[in-house]
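4 protein chains.
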Amino acid sequence: MTDTTKAVPGLEALKHRRSQVWDELLAQSRFVRTVQQGEVTKALYALYLIETYHYTRHNARNQALVGVRCDDDRHYQKFCFNHAEEEVGHEQMALHDVASMGLQPGFPIPRALPATEVLIAYLYWVSYQGNPLQRLGYSFWAESCYDYIRPLLGKVQKTLGLTPAQMTFFVAHSDIDAEHSQAVDEMIAKKCKTPEDWEDVAQVMETSLRLTWRMMDEVSDAYAQLVDGRSERAAFLKAL
Amino acid sequence: MTDTTKAVPGLEALKHRRSQVWDELLAQSRFVRTVQQGEVTKALYALYLIETYHYTRHNARNQALVGVRCDDDRHYQKFCFNHAEEEVGHEQMALHDVASMGLQPGFPIPRALPATEVLIAYLYWVSYQGNPLQRLGYSFWAESCYDYIRPLLGKVQKTLGLTPAQMTFFVAHSDIDAEHSQAVDEMIAKKCKTPEDWEDVAQVMETSLRLTWRMMDEVSDAYAQLVDGRSERAAFLKAL
Amino acid sequence: MTDTTKAVPGLEALKHRRSQVWDELLAQSRFVRTVQQGEVTKALYALYLIETYHYTRHNARNQALVGVRCDDDRHYQKFCFNHAEEEVGHEQMALHDVASMGLQPGFPIPRALPATEVLIAYLYWVSYQGNPLQRLGYSFWAESCYDYIRPLLGKVQKTLGLTPAQMTFFVAHSDIDAEHSQAVDEMIAKKCKTPEDWEDVAQVMETSLRLTWRMMDEVSDAYAQLVDGRSERAAFLKAL
Amino acid sequence: MTDTTKAVPGLEALKHRRSQVWDELLAQSRFVRTVQQGEVTKALYALYLIETYHYTRHNARNQALVGVRCDDDRHYQKFCFNHAEEEVGHEQMALHDVASMGLQPGFPIPRALPATEVLIAYLYWVSYQGNPLQRLGYSFWAESCYDYIRPLLGKVQKTLGLTPAQMTFFVAHSDIDAEHSQAVDEMIAKKCKTPEDWEDVAQVMETSLRLTWRMMDEVSDAYAQLVDGRSERAAFLKAL
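Protein chains in written order, with our numbering: chain A, 204 to 443; chain B, 204 to 443; chain C, 204 to 443; chain D, 204 to 443.
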């Protein structure tokens, strides 16, 4: 954090609200609790990574859509296309990490869960209409999430005995995203001019984080159904 | 040209067809003839730059749209977003060059001519539907156009007594685009696999170049109407 | 229900699943419970109608989008455009009903709640991509919802002492929609050919109904905040 | 024409401009001249109908797109969806008429000519951006074209010895469109409020008619290439 952005009260308020939602999520998510209690399994983690794959596949594309329609702000437009370029292909790391736990690459990828589809739908919605700045609200929590989920990742790694080479999605992102996060903070601080801008960014931040929370818990439900034999979805993961 | 691309017969055929269309254009365009005969005026050149501004404004955006929908080819997707980022704001150079001939920045920009709108419409069309590779056909001639129009630019510069600092759009682009042109050639050579791919690229190359030709000649018509007093469009340019 | 559609096992299964989700919703929704217990107020009902206004505004548009992209099935395409035309302006009835409880037409409409935005986002998503048939899953429950919510509407009417002329949104729709519902059932029965078609329709049916449930409960939360003085959103409704 | 619309000076000016462009087209189009001189062949007429098929296929869809984005004018929105519904499938009549001259239904449809693609691209462009009213400019000439092309159709029918049942596209449309044309005139008269509205409609009217003219002449060129053996495109039509 530079002095420039630290001084911005809107940004501080936004960070405060981000922490509040994370605190709720970390305290209440069933998926998080399973991880915290050291009860995560390879199949559960794989189910989570598969949903991560699904929504991550769209991130470069919906990021670019913002650039396509903000032709009156070249600085922000460049940021959108640049960021889109950097996001291309990141979903492959999630698939790699699944495979690294004992599957052949090219395993059949189950369809996204409904909660994941809803998250994807929402991220496109905030990208193709409304305040072009609002998608920064998603980046605002997503690019800085390692500050909040690092302990969870450590717990997953320890519980499952994974090497860093088996956690490329999160290892790579925690490095890339530190830099992105700084750029996102600066962009928000620079571009948000009106109370409406700040509220639009805040609303997308909160809503997209809550939808991610639902996705996590739907992963837990899908896992329970898999274990109970109530569902054949991704049954091949039971072999992990 | 590297050895890699030189060896590709499809690319050579495409270059041949490009040269044929350029030869037609250079021989038959009324706008080109006026330039060749040393009869270009500042107002005519400004009218041309204004149309250039209009369609160039959309280039980053329609380029990015291709990336948004080609999610099965990460290499090409990255190229699209990268190229989109580089194109952002180039239209401002065209406006700068108009102003540099004696107008205040912020002068009223006339609405695009119909032929320019048609070109813009077509570039979006080839970007948002059909073969995602086809937009490379536009880049194929646009990024290498300096090989064909350099003599014309020299003639404009000489006739109007312009300095290079008054021709930033073309000077900057001829440098940037040499590199782009090489990248476009390589991408076409690498990605076009079927006769349909090659034909799709060729068709967009030819059609978009012919639409640009029409735009040039509509600039000539607009200029004639301005000089004859038949139109008040961009009348402020008569002061140049 | 005609004999034609009655005979279709896929349709019967879909109806069964619809009933299950409605049963869950009617048993668990906090908003529904408030209505059932005769505790609905004009302000709460108005808050609900305002969200109804928000998502209904988009129904004609996302319905038409399906038609725009299903150019290989003229029968379904005609249905989409026809249905879109019939949906135009229905949101105005929701506003009318709010006003009829004691507000001037033209009252300031508060921004949609996040859950409503998510529902809207999802309805566009299922309309502009994926299986074009899938949006029928939304119509499947939405056009027949009166079978499930009639008792609730009766309760609202009684608790608040409303005349039918103050409940135009629901009265008008229950008539229009009986016919629509039949047409939707027939379309689903006719067009769904593969297990994937049936599953796509079922998934959208269930997900969009669950998102509507969340919207209802977010209305309850917004009402609680209004009553508690924790929020100034739509504070003018307290005067009702 | 009702008294209502007759009284509108903007509409009269628009009709005048329409007549001027038609006069140019009828006097200068190479395709028109061939028809007028009684030199049309079945293959040439078939080539024209095939291009008609190509752009007509998109008319319902781009018409509906206008409705999707004009959510602030319910009257016009309804018109768009209604008109879209009526346009669905009309392109099949063009194919029917080709087949009726001696081909099996299901004959291979050649790819659209570049000029046709440009027309299609432009009609989408005016539909998805800019003044939502502007697409009325296309309907303004297209729905009333029979006033101008009736003699040509008569000439085609006589030269080729066709029955009305072999000219369904034009026979059906001349009936349907008389009604549409009246509705379009009224809509333009009612909705165009500012000089910009009128100019937007006029510009689209003129540009889309000129692009259609180019399409006609490109059909003539394609026919010449077919006859000369310079092209194998649609070579099966030589058997007609």
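What the hints contain is simulated information worked out from the structure, not anything from laboratory work. For clarity, every value in this text was computed on a predicted model and none was experimentally measured. Check the hints yourself; a few may be wrong.
Because identical chains share one entry, a pair is satisfied inside a single copy or across any pair of copies.
Okay, derived cross-link-like pairs now, DSBU-like style, lysine-lysine, Cα gap no bigger than 35 Å in a straight line [what the hints assert, rightly or not]:
(1) Lys-441 <-> Lys-393
(2) Lys-441 <-> Lys-396
(3) Lys-393 <-> Lys-281
(4) Lys-245 <-> Lys-281
(5) Lys-361 <-> Lys-394
Going through the hints against the structure:
no.: 1; hint: Lys-441 <-> Lys-393; in the structure: neither (49 Å within a copy, 38 Å between copies)
no.: 2; hint: Lys-441 <-> Lys-396; in the structure: between (51 Å within a copy, 32 Å between copies)
no.: 3; hint: Lys-393 <-> Lys-281; in the structure: both (15 Å within a copy, 27 Å between copies)
no.: 4; hint: Lys-245 <-> Lys-281; in the structure: between (40 Å within a copy, 32 Å between copies)
no.: 5; hint: Lys-361 <-> Lys-394; in the structure: neither (41 Å within a copy, 43 Å between copies)
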